[in-house]
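Chain order of the listed sequences is R and L.
Quick note: the first sequence, position 104, residue 104 per this note's numbering, numbers continuous.
Quick note: the second sequence, position 38, residue 38 per this note's numbering, numbers continuous.
Derived by calculation from the structure, the hints in this document are not laboratory data.
Glycine included, every Cβ here is placed at the ideal spot set by N, Cα and C.
Careful, some of the hints might be misleading.
Okay, the calculated beta carbon distance ranges per label pair [stated by the list, open to error]:
#, chain 1, residue 1, chain 2, residue 2, range
1, R, 18, L, 38, 48 to 58 Å
2, R, 206, L, 44, 51 to 61 Å
3, R, 62, L, 62, 51 to 61 Å
4, R, 247, L, 44, 52 to 62 Å
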Amino acid sequence: MIAIEKLEKSFNGHRVLNGLDLTIQSGESLVVIGRSGCGKSVLLKHIIGLMRPDRGHVYVDQNDVTTMGEIELNELRKRFGMVFQGAALFDSLTVGENIALPLREHTSLSESEIRERVKEKLRLVELEGIEGASPSSLSGGMKKRVGLARAIAMDPEFVLYDEPTTGLDPIMADAINALIRSLQGRLSITSVAVTHDMRSAYKIGDKIAMLHDGKIIYEGTPDEIRKCEDAVVCQFISGSASGPMTNS
Amino acid sequence: MNTTHSPVGAEVLGKRMMDGVEETGRVILFLLGILRAIPGFWKKGYLIVEQMVAMGIESLPLVVVTSLFTGVAAVQAAYQFQDYVPMRYLGSVIGKSVVIELGPVLTALVVAGRVGASIAAELGTMRVTEQIDALETIGISSIRYLAVPRFMAGLIMLPVVTIFSDFLAIIGAYAVAYFSLNVSTNVFMEGLRLFFHLRDVFGGLVKSLFFGAVIATMGCYFGFSAEGGAEGVGRATTRAVVGSCLLILVLDYLLASLLFRVIFV
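Isolated chain R (complex conformation) (with noise of 0.2 Å):
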């Protein structure tokens, strides 16, 4: 379970994170909605201890990320992973290299167990046999994909996701979603997703929660958000250009 409780955080002067509580139960699929630059990403990276708060904490499975040190860190990520808006594959190594990566890290696997382990991980994300292709040479949906891939090759408990389909197009971004649906189903993780795109948040969520001035305004189930008779998250979840978010 992650735990985060009033968690404060300010870029110059700049309050992005107020107070924010929100509970994540193992095995949930969590997404957080929100407007562009209103703290999701800052809100991952709280979790996975990129970035340390100016108040409150963080807790997964009652161990404070916020207080640990730079190994304990290390430790404790090896049960995440994590996929970015960019998908952030490293340059430098072959795609079968990026998700050997952590297993050649963290793991004392042989080199063929490793060579099968990205087989595997690779045929999840329907990517067979691109091992030896350079990042560069992929599409923006092959690298979210191998981006994914790179972050369930420990087996992780949690999979955080940095809006997984922004930047694809809808058929692309509908596969993406599929694919996380089916890994949250196949691999029993926890998963929290930021994103602005509410289809892919209705389609890969259990449970909703809309970020508004650094705080959770409103959580619920997909079809209860639907509902939902708030203001706020009435006009972000139509997509309207009028409303209270935009006249304040």
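Go by the hints and put chain L onto chain R.
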């Protein structure tokens, strides 16, 4: 009229100075982070070898050209010697100035321009495309994986390249002396041997060891701190090269004072 406000220029100067002190502190903390991550790193020797090739072997063509043309110093020395100092001292002056000063400093400046810029650009691009964050999320220390190999390669390769550069610069000077100043091989070599001390070569190499550390540290620091896309990477690259060159020159003075006025006296 209100006279209590500081002039705007003084405020700006004060802020710049504070920013400079802050930045210096961050560079020192970054360097300490690298030094702390070094123990036990030899298990990842292949990463150091990769960087040694990039820093040393791939810099050689540029170093060869720069070093050979450093021999032009012989022409200037000969011009200053004419009518006052016998040409047998030409080799002595060239030998001393190359191994103590010209070899280490010119090599470091050339490598700072080529390698320092390349380190900052590569790591800066990795920073703005979140590759460094990705490395951290898979439980790998970015300092250990990216900065330590470059730092170690800088420490090892700059003295090696400097030895090569010293040798080529003396060859270049000899060629100039022989072909255009009519100084015979015997006279040049006699001069070269006349005041030769091994401690001079050693002092030059100690300097280059520090210069290697400066180039790698500044390249890595500015690369790691890059932000804001392509423009940020460009800014990081410029700052890495300018910072390295300035530090090399300042450090050259400090090390020369320490080595040749205190330690080797």
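Quick rundown of the hints versus the structure:
no.: 1; hint: 18/R to 38/L: 48 to 58 Å; result: violated (41 Å)
no.: 2; hint: 206/R to 44/L: 51 to 61 Å; result: violated (41 Å)
no.: 3; hint: 62/R to 62/L: 51 to 61 Å; result: holds (56 Å)
no.: 4; hint: 247/R to 44/L: 52 to 62 Å; result: holds (56 Å)
Hints 1 and 2, counting from the list given before, are not met by this structure.
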